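Undergrad: What follows is each chain in one-letter form.
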Amino acid sequence: MNVSNWPLTFLTLSILVSNILAVIVTSLVVILVVTKVIGMLWDKYKRKRRASFMSLAVEFLRTGNAEGKLPLKNLGWADAVILKAILLELSEEASGIQQPRATELYEFSGIADKEIRTLRRSWFWWLRAASAHDLGQMRVKRAKSNLIQALSDKNIEVRLEATWAIGHMGFVDTLPLVMESMSHFFKIAALRMDAFIFEMGAPALPLLLDLCKHPEWEIQLLAIHLVGEFKDPGTLKVLLPLLGSQDLEIRIAACKAIGSIGDPKGLSGVIPCMEDSAWQIRAQAAKQFGRNGFTPAIPGLLKCMEDLAWWVRLNAGEALSQMGKRGKIALKRALKSPDRFARDMASQWLDELEATP
Amino acid sequence: MMTYLQMSILIYFFVVNGLYLLLFFFSCAVIIHYRSILRFRGPSEILKARVTPPISILVPAYNEEKGIVSSVRALLGLNYPQYEVIVINDGSQDNTLGVLEKAFSLRRTAHVYHREIPTATVKVVYRSRVYPNLWVLDKEKENGGKSDPLNVGVNFSQYPLFCAVDADSILEKDALVRVVRPYMDRFQEVVAVGGIVRVANGCRITNGIVEEVGLAKGWLPNFQVVEYLRAFLSGRVAWAARNALLVISGAFGVFKKQPVKDIGGYSTETVGEDMEMVVRLHRRLRKQKRSYRIHFIPDPVCWTEVPHKWGILGRQRNRWQRGLGQVLYRNISMFANPKYGSIGMLAMPYFLMVELLSPAVELFGYTLFGIAIYLGAVYWEAVVTFLILAVWMGIFLSLLAVLLEEFTLHRYPRVRSLLKLLFCAVLENFGYRQMTAFFRLKGLYDFARKQNVW
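Residue numbers (the numbering used here), protein chains in the order written: chain A, 15 to 371; chain B, -11 to 442.
Wrong hints could be hidden among the right ones.
[To be verified] 35 Å max Cα-Cα, derived DSBU-like pairs, lysine-lysine:
| id | chain 1 | residue 1 | chain 2 | residue 2 |
| --- | --- | --- | --- | --- |
| 1 | B | Lys249 | A | Lys346 |
| 2 | B | Lys111 | A | Lys227 |
| 3 | A | Lys350 | B | Lys245 |
| 4 | B | Lys129 | A | Lys339 |
| 5 | B | Lys129 | A | Lys270 |
| 6 | B | Lys36 | A | Lys227 |
| 7 | A | Lys346 | B | Lys277 |
| 8 | A | Lys346 | B | Lys111 |
| 9 | B | Lys327 | B | Lys129 |
[To be verified] Far from chain A, by Cβ distances over 10 Å, these chain B residues were calculated:
| id | residue |
| --- | --- |
| 10 | Leu377 |
| 11 | Phe384 |
| 12 | Phe395 |
[Claimed, not checked] Just so you have them, the derived chain B footprint on chain A, three or more residues with Cβ under 8 Å:
| id | region |
| --- | --- |
| 13 | 25 to 31 |
| 14 | 164 to 178 |
| 15 | 308 to 316 |
| 16 | 352 to 362 |
What the hints contain is simulated information worked out from the structure, not anything from laboratory work. For clarity, every value in this text was computed on a predicted model and none was experimentally measured. Cβ coordinates follow ideal geometry from the N, Cα and C atoms, glycine included.
With the hints as extra help, turn the sequences into a complete structure.
TA: In structure tokens:
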């Protein structure tokens, strides 16, 4: 740009930019209006078609009459979307024989094939994720291999939906694969895995116990958490040795899991944790004793009331306050402790006890 | 000389607006992605999960006698599996404590206040007889705005996450469930999550709950609606996606407690304590080369009353500008420092050159062009074109923000509200923007004079 001519150049440039901006804003407003109009038309069409599809689908689920489903075969895109929504809705409420009939209708209408194709080939992760979810919801068992493949999808949402679908259909043997695909997302994985384990029930436990010894730290952690959810005292033989792990997180997870089970044998094994070098473990152990009202831990808890770490003292005091009469006596004893921190904490929890009806 | 100065102003204008556009388009992609995720992971799942981390809600209160009861009641009614509400009465002169005592049947406890972060003394710890998860701490007043009461709350809180909210802000029922989602994804990495703050003026509010979203009758709050949409939807979303978010609003943010304790809590030496803490978190964690994330979620909503008078707005903007100045000044070593990655190389220069200095550059530009026209050094047609382009660009960015809101989040259900917002997006460029630029300029001046008062 020639410096002496800059106002002219600037003038031209400004007009050009202004025009571009005007075109963009106008286009966006037009798109907004068009979207709203299309939305309204689609709602109207959906309402009309939904009524007829719903009666056909409900009738088929009730009677299983093969002729009743014929009008629902090979529908166009819009009608297939409406029917799919109806079937998903019905499958949530369906029970007994109606559930396989819903799946049959889903397969018959050709939607299942389309979903499997989408899961395998779509470029868009949200379409793959939705397909994985819908296949699980409709219990399309032949999609198992596609869902297993989806566990290694690069998108976490697809993996999460595939996990849920596999759990919903009860494929216990896929558990190690599922854990490996989810382990990096601990909390959300634990959330999904809770649902997964709930669907699978006891058959999943032996596999989970094996995974408690998995070389990968995150998988081990997730497995310990899930084992705790079973509340099965039989799992203590695997969980108790983990209290001696070198890894702090593993020790905490094991402590929590044993606390969830609440078996006295397991809790006795946690007593030495009150002398662990890490304050997090001491605090966690105290918490688990309180949660289970485990009175044999009282002497250790009294010692924890004098701990240097405030959280340990707090949890120990709270634990004693949850142990009924014996806990209260122990708190009163702590009131006479030579340690000022122990006295403060004891008075705090005694005050809480007094105030609780 | 004059020509080069004018050209510098023009280049600045194009660069700044180019950056705004870039941020906007980046935000669009992030928000659309976020909306897609919500399809698969709704709040109900997080609500039911046993692994959802509990949260302590901290509510600093200073002379909030009028609204504190309804605010706390609304907080106690939030949808979240496990949380506690800690109200910190910061030496109120009115009857804040009295109304709380009466409304929630508070009792004095012997609770030990553990002062990990240095704070003023807590005189009494109260707990509600009716709501066991409600605590009220009565502390001595100390200068330093909200920082000291927030630090008291951080010390007292028992859960690993805390949420700082303003006493006069209203959280939506599902706000916590939605804002905690990044922690569910990667608890180890995420240290803070901010949520969008929206304007409550004009909404129908009953017992601390927003029942109907609407717009105010006056223009001033509605201009701020557009301004908030622009700042939150096209600014913060984009910065957070680059892990370079420097501000989490003091009105609503969820922090992991331990990293905050590690940096000594909120600073009492600045008026922009919310931004200061986020920058310090970045600084510390980047120095330690830790893998961490500071997120922003465009969906969880906190509603807040914005100033409806120019005077109050002026004081607020002045304070924000001084806060920004203080934070940037205190962390100037991060500026253009590659050691701090996107914070040092992108966010800090942007906040310094655009957010802090833009009112001064704007004023300088107007003066310069005035002088140039007077001296005949520039065609007045060019200056008028430039001014038209500047206004047009402002309108364009505001319209984009409103349209983005309508396409993705759609919180204003009435067509009339949408039309009014679109109109405000145009109108705010004629007077409102210039006034806020003036307030910010005054703030910049006060910052230079080191006026550190609230």
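Undergrad: All hints, please: hold or fail.
TA: Status of the hints after comparison with the structure:
1. B:Lys249 / A:Lys346: Satisfied, since the Cα-Cα distance of roughly 32 Å is no more than 35 Å.
2. B:Lys111 / A:Lys227: 51 Å, violated
3. A:Lys350 / B:Lys245: Status holds; Cα separation ~33 Å.
4. B:Lys129 / A:Lys339: It is violated: about 41 Å lies between the C-alpha atoms, which goes past 35 Å.
5. B:Lys129 / A:Lys270: 41 Å, violated
6. B:Lys36 / A:Lys227: 29 Å, holds
7. A:Lys346 / B:Lys277: 48 Å, violated
8. A:Lys346 / B:Lys111: 25 Å, holds
9. B:Lys327 / B:Lys129: 39 Å, violated
10. Leu377: 4 Å, violated
11. Phe384: The claim is violated: Phe384 (chain B) sits with its nearest Cβ about 5 Å from chain A, within 10 Å.
12. Phe395: 7 Å, violated
13. 25 to 31: Our answer is that it holds, as 4 residues pass the Cβ test (under 8 Å) against chain B, meeting three.
14. 164 to 178: holds (count 4)
15. 308 to 316: violated (count 0)
16. 352 to 362: With 4 residues closer than 8 Å to chain B, the region 352 to 362 of chain A meets the three-residue bar; holds.
Hint compliance for this structure: hints 2, 4, 5, 7, 9, 10, 11, 12 and 15 are broken, all remaining hints hold.
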